[in-house]
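There are 2 protein chains.
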Amino acid sequence: MTDTRSQAGARVALLGFGTVGQSVARILTSGDIPGVELTHIFNRQVARKRADWVPSTVTWTESIEDILSSPVDIVVELVGGVNPAHEWVRRALESGKSVVTANKQLIAHRGSELLALAQAKGLEVRFEASVAGGIPVLRALQDGLSGDRLVEVRGILNGTCAYILSRMQKQGASFADALREAQQAGYAEADPTEDVDGADAAAKLAIISAVGLRRPVKVSEIPTRSIRPIEAVDFEYAKELGCTIRQVARAAIEDDGRVFAAVRPALVQLNSKFGQIEGSQNIVSVRGVYGGETTFSGSGAGGGPTAVAVVSDVVSVRRSLVGAPGIATPMAQQPYAVNPDFVAPHYVRFIVNDKPGILAQVTAAYSKFGINIDGVLQLPRFRKDRLPFVTTLEECAESMLDKALAEVGQSDYHVQPPLALPIFV
Amino acid sequence: MTDTRSQAGARVALLGFGTVGQSVARILTSGDIPGVELTHIFNRQVARKRADWVPSTVTWTESIEDILSSPVDIVVELVGGVNPAHEWVRRALESGKSVVTANKQLIAHRGSELLALAQAKGLEVRFEASVAGGIPVLRALQDGLSGDRLVEVRGILNGTCAYILSRMQKQGASFADALREAQQAGYAEADPTEDVDGADAAAKLAIISAVGLRRPVKVSEIPTRSIRPIEAVDFEYAKELGCTIRQVARAAIEDDGRVFAAVRPALVQLNSKFGQIEGSQNIVSVRGVYGGETTFSGSGAGGGPTAVAVVSDVVSVRRSLVGAPGIATPMAQQPYAVNPDFVAPHYVRFIVNDKPGILAQVTAAYSKFGINIDGVLQLPRFRKDRLPFVTTLEECAESMLDKALAEVGQSDYHVQPPLALPIFV
Chain W
0 MTDTRSQAGA RVALLGFGTV GQSVARILTS GDIPGVELTH IFNRQVARKR
50 ADWVPSTVTW TESIEDILSS PVDIVVELVG GVNPAHEWVR RALESGKSVV
100 TANKQLIAHR GSELLALAQA KGLEVRFEAS VAGGIPVLRA LQDGLSGDRL
150 VEVRGILNGT CAYILSRMQK QGASFADALR EAQQAGYAEA DPTEDVDGAD
200 AAAKLAIISA VGLRRPVKVS EIPTRSIRPI EAVDFEYAKE LGCTIRQVAR
250 AAIEDDGRVF AAVRPALVQL NSKFGQIEGS QNIVSVRGVY GGETTFSGSG
300 AGGGPTAVAV VSDVVSVRRS LVGAPGIATP MAQQPYAVNP DFVAPHYVRF
350 IVNDKPGILA QVTAAYSKFG INIDGVLQLP RFRKDRLPFV TTLEECAESM
400 LDKALAEVGQ SDYHVQPPLA LPIFV
Chain H
0 MTDTRSQAGA RVALLGFGTV GQSVARILTS GDIPGVELTH IFNRQVARKR
50 ADWVPSTVTW TESIEDILSS PVDIVVELVG GVNPAHEWVR RALESGKSVV
100 TANKQLIAHR GSELLALAQA KGLEVRFEAS VAGGIPVLRA LQDGLSGDRL
150 VEVRGILNGT CAYILSRMQK QGASFADALR EAQQAGYAEA DPTEDVDGAD
200 AAAKLAIISA VGLRRPVKVS EIPTRSIRPI EAVDFEYAKE LGCTIRQVAR
250 AAIEDDGRVF AAVRPALVQL NSKFGQIEGS QNIVSVRGVY GGETTFSGSG
300 AGGGPTAVAV VSDVVSVRRS LVGAPGIATP MAQQPYAVNP DFVAPHYVRF
350 IVNDKPGILA QVTAAYSKFG INIDGVLQLP RFRKDRLPFV TTLEECAESM
400 LDKALAEVGQ SDYHVQPPLA LPIFV
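Chains W and H are the protein sequences, given in the same order. Here the first sequence is numbered in numbering that gives the first Met the number 0, starting from 0 and rising by one per residue. Here the second sequence is numbered in numbering that gives the first Met the number 0, starting from 0 and rising by one per residue.
No lab work stands behind these hints: they were computed from the structure. A couple of the hints might just be wrong.
As the list claims (entries may be wrong) - Ranges of calculated distance between the beta carbons of each label pair, as one might list FRET restraints:
no. : chain 1 : residue 1 : chain 2 : residue 2 : range
1   : H       : T58       : W       : G79       : 52 to 60 Å
2   : W       : N270      : H       : A184      : 23 to 31 Å
3   : H       : I372      : W       : D176      : 30 to 38 Å
4   : H       : E93       : W       : K120      : 33 to 41 Å
A virtual CB, placed ideally from N, CA and C, is assigned to each residue, including glycine.
Build the full structure now, drawing on both the sequences and the hints.
Below you can see the structure in the form of structure tokens.
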């Protein structure tokens, strides 16, 4: 890893030092991100916020003017809401600074104007963190799938709804009880309107529609329906239909060219990728005319994942500031040596010509190499002269297991060599 | 969409006009990709390959020298294998052309050298299609998650193995029978060694390890085990353990800094994202120290998806050729009108104070607005004065359903307003 201090880094100012801002500062000061230097932190009542793990070279300020008049290259806006963020971002761009933001309402409502301003100034506004937290879905739509013509996007984009609906599903809770639980767990705000009634997901859908489908739409035109009328009994009926209920955001370009967009509670199949989304997990599935369906899932909220999206945007802006090619060349380094030793729980299947004492011999060999047995499985109805049985093992190194099996494998009762497979849990 | 002919486009030469090459040509000549122009197609026995849907402006040739001496900007290499692709790509770079390739063996074995050459010449080599087909996973690792420190990557990267193993799982087939079926269906080659014994996945894992973990490793050092010894009985035992079997590629940076990498058949949980992968679907899951786990899935093979990855790379190279910012600004356009009418199968739940004739009235209202009933569900044990029942409807427009429900909703037997939810299948 390159030492950040040995090269001129892009200077970064943070607006907002809450959960996400603190996570961003942690990453930027970790040494993991070369070429980027945190120089300013802006927050109201900054004295209360000051943290001793932030390098002393960082300037703390309560004045936005300090940031705007400073020589920072990139302003990271994490204050949220349309105002005053809109004014600050506009002025940052006017003073020659690129902007990275996690602010979905700002981008959904004023993104068009801010992006045009950035373009006119030769700067960038990036907003990966505004949709689906740590999942790099906007880049995927914009860049990774730029060779396709995307016609449909579906997502579970609001963690509060996913949390409440999965609680109702699993516990038979009422909406009111599940909401209270979400509020106590920090998954829902005191006023949950923006989440449960769909405005949050609608803002994110407007951004995805613009970036992925290249069809900007007004957030206010996206129809939303609340999850409030969902009752516990709806989950019982949904289950009868092999389904559960989630808040789904969907946008599509229809055959006649019209743009469809809506946010709704909807039935989704229980055993599908969408039906398995819970809590702060987000999922986005896109369909293109050439490439079919591609799905992205991961953490849609939380300081760490959101900060990763913000910092990734900072890195991208920095790359274009220094004129670096879009692609790094990590392969052009000396190769590393591979450690091939798979440490995992294991499944080992034997097929033997049965006789007394086989299991005792196997377990003795395991024991000799320090391997613990988790369980033994033997299904009925197999022929005794071709009898399959299985041992499952606690986590062990494959190299040890190979030695144990080499020892066991000497015996003449094996119809086939033992088969060992790691178990991923 | 911008008309491609109205602007100077980056000139693209295709090496290889097989399934993927033809799909790439289809997309490049569709009008969907502005700023890029297909100018040359190279293939052996080109007379046999010539297709009448390719514009007459395209030059067909059997001579690689024609391509190297032409003024094309980007060479798309789709011939596969290390030789002669390596020589051709090297010479293309030396003659000032950037390269896009789908060739995993070339990149895994010679990528380091080719990337260094490209960098020295100020050119690019892009290879998104070499791993996981249409899923833009390399970009996600390199760019979208550049703000994280990734420490583990797991994937199902070989469609032949996924096809064979899911056949064995579902039909209780032997490996030999499932392989034969895969060969007949075009999912396995006559000599399936590279797929079933793990070399294909190992090459892809080496590329992911270099790009995602920034730990280039030699393909030859990645230990592989074949799926050939898997028997039908292993799926029976795996099922007992809540698992199935897939070929899994995994690389990780261990706590002591060593790089682990291996390709193995492994047990994966049946109801997990990995356990549900079948046929040509691929999945890649990455774990970072800040952002946790992020998962990408989609089509790992096939002409269309692979071509999307290739063309997306062409678009990226073209953007850096013309010095366009990495980010497009699709939001800086006039917004489109939203069509809010959700056309989908629907779930409609009523809670009524029961009396005779309710269902007749509901069905009459549906019928009046052209809505077809798919089914009626009424679970036992509910109170008659607060009786929930559900109708499921065939695909219908929400606007029609709203009208039908407005009509039904007039009646005095409703304890709550009817609740309509779309069903995603």
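Tested hints:
1. H/T58 with W/G79: 52 to 60 Å: 55 Å, holds
2. W/N270 with H/A184: 23 to 31 Å: 25 Å, holds
3. H/I372 with W/D176: 30 to 38 Å: Given about 33 Å between the Cβ atoms, the range holds.
4. H/E93 with W/K120: 33 to 41 Å: Given about 38 Å between the Cβ atoms, the range holds.
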